[in-house]
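All chains should be built: construct the whole structure from the sequences, respecting the hints.
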Amino acid sequence: MTLYFINLEQAVQKIRQTKAKTVCIQLPDGMKPYAEEIERDLSKIGVRVLIWLGSNFGACDIPLGLQRLGVDLLICWGHNKFIKKEGW
Amino acid sequence: MEVLFIEAEYTRKVELCPEALEYLKQKNYRKIGLYASVQFVSKLENVKKQLQEHNIEIITSRPDRTSAVSQLLGCDNYRHSLNLAGQELAAVDAYLYIGDGKFHPLALVFVQKNSNVKKEVIVNDPIANRLFIVNETDVAVILNRYKSSLMKFLTARKIGIIITVKPGQEQFKPALELEKKFPDKKLFYFIDNNISFNQLENFPFIETWVNTACPRIGLDDQEKFVKGVINLNDALRAEEILRCWT
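Protein chains in written order, with my numbering: chain A, 3 to 90; chain B, 94 to 339.
A portion of the hints provided could be inaccurate.
DSS-like, lysine-lysine: derived pairs with alpha carbons at most 27 Å apart [stated by the list, open to error]:
| # | chain 1 | residue 1 | chain 2 | residue 2 |
| --- | --- | --- | --- | --- |
| 1 | A | Lys86 | B | Lys274 |
| 2 | A | Lys87 | B | Lys212 |
| 3 | A | Lys87 | B | Lys274 |
Just so you know, the hints here were simulated from the structure itself, not pulled from any lab data.
See below:
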């Protein structure tokens with residue numbers, strides 16, 4: 003068992019629910035080695051998987067410009083919803 | 094585009110290691126501020142039970158940017174970001190963080206940077222099953238540099254304001270408050286995604302910098318700013334902070 007729960011079932015469910023065709027996966031540095039397994043398993047259900055190479059400092063750090071590549075769904079591991087605070 | 098967050102919870106048991114329990118007992122801590130990173134926050138039942146068994150009261154909160162009670166983010170690193178009432182802050186004997194690494198628990202050290210009383214931050218790492226302490230000595234160099242950056246900011250006239258385009262971190266409007274507060278300074282606004290530290294020196298007319306992106310950049314990356322950097326919240330009350338800095 004991996005140290006952290008990858009929860010591919012939740013990912014697949016969301017892909018089916020949104021009928022996504024192109025999915026971008028974003029992982030924090032410690033989980034980037036799991037990209038191979040995630041890419042393999044998600045590709046099996048017929049979606050194109052793009053792997054975000056860059057930073058993933060938190061849920062505050064969502065990649066920009068993915069829509070230009072036709073990405074329908076971004077799956078971001080290791081974080082939960084970020085509550086943005088205006089001014090701090 | 095839809096976004097799905099998968100928390101990636103820790104898959105093994107989470108509990109306090111014997112060393113941590115012994116330490117809490119030896120220190121006679123009665124009230125503990127309990128926090129954890131997202132991977133551990135949904136698995137704190139055993140920890141809470143252990144603390145209760147040792148008659149240690151738990152004080153916690155949902156910090157500003159988090160979705161869960163007791164969750165700690167690295168950016169919840171200043172006095173008001175924990176959302177703890179003044180009385181609760183005063184009552185905490187020490188903080189206990191559940192998770193690995195120093196990045197998140199150091200937020201609790203930075204929270205106390207302008208406070209006269211410093212509370213210990215105890216880390217129980219469930220992966221290594223060990224205890225370690227983080228405190229101001231871990232960030233002494235950063236805080237010294239930060240203090241001189243504050244002084245530099247007050248006397249500088251040409252200031253570079255750094256704004257990120259990351260939607261979660263972008264603070265353009267709040268940054269404009271600086272114009273009202275410091276009408277005698279000339280403010281230059283710089284836009285970037287990840288901060289390009291190696292570009293800073295290409296703007297030699299800038300005397301010092303203000304960071305408005307992640308508040309950890311102004312602290313942890315202090316050494317990457319040769320001309321100094323402070324965070325937006327501190328810039329807005331720089332004089333007051335310098336006055337009470339111990």
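So if I understand the rule, the pair passes when the alpha-carbon distance is 27 Å or less; does A/Lys86 with B/Lys274 pass? At roughly 24 Å apart (the allowed maximum being 27 Å), B/Lys274 and A/Lys86 satisfy the hint.
Would you mind confirming whether the straight-line C-alpha gap from A/Lys87 to B/Lys274 stays at or under 27 Å? Distance ~21 Å between A/Lys87 and B/Lys274 Cα, so the pair holds.
Can you confirm whether the C-alpha distance between A/Lys87 and B/Lys212 stays at or below 27 Å? 26 Å, holds
The earlier numbered hints are all upheld by this structure, with none contradicted.
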